[in-house]
Amino acid sequence: MESMTPLLAILCPAIAAALILPSRKHPNIREGWTIAASVAMFLLVLSMAPVVAKGETIKCILFQSMFKDIYIGFKVDAFGEIFAITASSLWVLVSIYSIGYMRALNEHAQTRYFFAFCFAIMGAVGVALSANLVTMFIFFEIITISTYPLVIHEQTPEALRAGHKYLAYLMPAGAFLLFGIMTTYYLSGTTDFTPGGIKSLASAPQLILIVLFFTFLLGFMKAAWMPFHSWLPTAMIAPSPVSALLHAVAVVKAGVFGIVRIVGYVIGMDLMQQLGLWLILAGIASFTMIVASFFAISQDNLKRRLAYSTISQLSYIILGAALLTKDSMLGAMLHIPFHGYMKITLFLCAGAILVATGKTRISEMAGIGKRMPVTMLAFSIAAIGMAGIPPVCGFISKLYLCLGAWAVGSPYGMIFLAVILISSLLDIVYFFPIILTAFFKKPTEESGEEKIKEAPLLVVVPLTITAIFSLVFFIYPNTFYISDLARMAISNLFGGV
Amino acid sequence: MNFVEHFPVLIVGLSMFLAYTMLLAGYLNRRLPFYMSLAMNSFFLIISLFILNHVLTVGPIRYWQGGWRPPWGIEYVVDAMNAYLLVIVISMVILGLIYSRGNVRYEIEERKHTTFYTLVQLMAAGLYGITITGDLFNMFIWLEIASLTAYALIAVAGGRALRPAYNYVIMGSIGACFYIFGVCWIYSVTGTLNMADMRLLLPLVYDNKAVQMAFAMMVVGVMIKAYIFPLHLWQPDVYTYAPSTISSMMASVHVKVMFYILIRMVFSVFTLDFIKHFIGLDMLICWVAAIAILAGSIWAIKQRNLKRMLAYSSVSQMGYILLGLGLSPLSPWGLVGVVAHILNHAIGKGCLFMSAGAFAQQEGVRDIRKFEGLGKKMPYASAAFTIAALSMIGIPPTAGFASKLFLILASLDASQYPFVAILLLSGLLNLVYFWRVIDQIYFVKSDGTENPAKAKEKGKSLPLSMTAPMLILAALCIIMGIIWLTDVPLPLINHILSNLRMGVTI
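Chains as they are written, first to last, in the numbering used here: chain C, 1 to 497; chain L, 1 to 506.
Extracted from the complex, chain C is given alone in its bound form (with noise of 0.2 Å):
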């Protein structure tokens, strides 16, 4: 099916982002235009996800490219369409937090915060609607130009180091993503998105094959798997609101979701299995989990351990997409919103609390709930279900990541089951530690604890809502169409379920 709606709900941001500069003036209505963005783009996309969850694809093609056989354009399918509504939902919630986080800190440059945070959303929804590796490749170089500016927003010196490693990692990343799809291109004739994989690629040479793997995982260096993951903990550094919806969401998973575009539509499940690729992904995903926990369990910097959970729970989605079951590829899908929507949670319960209390440290935190009971009911909510432990929605997506792992059979299956298991009990330790510290350690007696209020309501609201999606995910997962959409993403890859 044609349409123009993709095109319209990317353009959606790069509106707002024109109008915000010329109203530098008047913050009122310069965060108006970004709701009013937020808002018109969620819609969009959603009005897309019906026809897409019934299997059909939405297209719209930009214009066709000098290259033979590439246009530039949108072509909406059930995949691409989950992780734009995370995204495009989540930037409705995150721009009222934003106007409260921003001005109850009163932070400099607000303009250049919301214009860039703009693009960012464009690119990561871009990343989500596009047909093609190029056009891809265009909003992925987007969104890392886009967030410099909002990762070194402090300005300090610290701050700009942060910002250049950031850079330093996902530049060469963008060179080498270049590279595999010019290579792609240069084998196949082709970069589309082909549920399955491209056929054409699977009569190139296997070694080829199998550089040309490791350049596109190189290439999703956004996805923070290990050893190439420290660009995420520094890269804390950035406001509250830019880490939740950025470095929870947008960033790190246009990187994943990148991953599992490569494993499904490009190469394709049936080259994976024949060239022993799966087990290498799944084998780095499963290092990065572990690893990535014990990182996080070391942490005192909520924010800090924040980021590492992200890298081990971003590592759940790539092995849900390496095991190439019909199981873990829905749990890989389902985890997309699913843990976008409880991680966001988290980063806005720990901006929250610096706003409310200026604290940053997880010692500092003692007796913290009897002070903000609302803030730390959401983010145990969330802790929770980032163990999988229901009645959060993190339950059913790591339900089917397991299934997935049995599914797989022999030993390895039964391995990488126990990988998720053991994972999910290191979620616990480290998560488990703050609620006890925050709801039943008692505040040490100097500190003026009687001040501490909640956070302003623009702030509190924002994370309560992603706090009752979370179980509402849980309950009815088809919210936003998200399952419908990801069966029927399922029955793309599989043909049937």
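None of these hints come from the bench; they were simulated from the model. Nothing here was measured: the structure is a model prediction, and the numbers come from that model.
Output of the computed footprint for chain L on chain C, the stretches with three or more beta carbons under 8 Å from beta carbons of chain L:
1. 62-68
2. 135-147
3. 182-193
All C-beta atoms in this analysis are idealised placements derived from N, C-alpha and C, irrespective of residue type, glycine included.
Following the hints, complete the assembly by docking chain L onto the known chain C.
Here is chain L on its own, set in the frame of chain C:
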């Protein structure tokens, strides 16, 4: 004969005539030369578009001067390649002129303004002449006109610009000598100077040592003029100390036209068969280009003066174009990369030099480390700089991305994988030195002390005549980036490919 076929000679003829008229008009009124030049070049732009249209719809224009038939008379040949280059050169000259309006007042004494504009017009005439001539010796004449005026235009700034100008005179003359020696040698063998005629005669004498020597000498001569590494030594000082208008014009079009001579030689005089006749010659060119790309970038990283950094960046970017040329015998995409990058580098580097000049004029800063807070003080110039820098790095959807894409595809198509890596690495090196400036402009907090070397124009905002060309070029960086990705330029590219007898279309 179609009316349009007279246009090429009209452009060079009127340019020369105008240059001397401007000198006289300058005595009447100092402002007159600028307006005359602007009006005339705008007129040229319009008729060059007619020429381009004619070339694309009807076919190449062949104009015999004085009605003398080649090979005895001088022939002007305009095919898709020159017509395209002509439009670029004229547009950049116009933008440079507009920019000079606000800039010259600050950098050059007022009594020199008349001669300045006369020389600019004369240089433009030389560049137009090189672009449309079809005769090897006539090309030398125009080459000398374009070079001699350039020497003078650099020296016009006085002071520190004199020594680089002198270096350039020496090096440029050596280059010109190499070129004319080459022409003499090849004339002694073939007895003709007409390019088309020579192309027919040459295949019989490929193995003649004099012909091979002539090729080598002409190539080296042009390489000096187009500052291909390691023959670039005259260039960084020149670009650093020349007036900003001239740096911008030289980096954007002067060097492109010099390089165009090489393109003509390789494709229209010696042809690709000659290159293929000597096994490894194309790879030699490619590796020279690869070294230029990396060396230029590495030297650029070491620089602290913005204009000097941009100068080294130009050395690196000329390497891109040379790489495309070296790959063209193996893949048509190489030539596409050349064609695209000639335009993309012209608009990008032109914009960068213009904003560098604006920074120096408005805030008196040339050293990158003193750029703090420019983003607030000069938002338009900074934005233009940033967009053009992103284009140089090759971030989509800017123009630089398209040329990088073409060149990568050319390397893959030619199965020369090392160049893919070099191109990608060079993009990262560009990131290093350009991002340092962007960081300094926007993100590094200033320590609050006022810059002592503040320019006299303090408090005044940048004149529109300087802001407008920068912003136009910055916008073009994005617009062209998108256009190169579409199939809109495909007819042009295919015309160029067939006119240069690549024998393939894409």
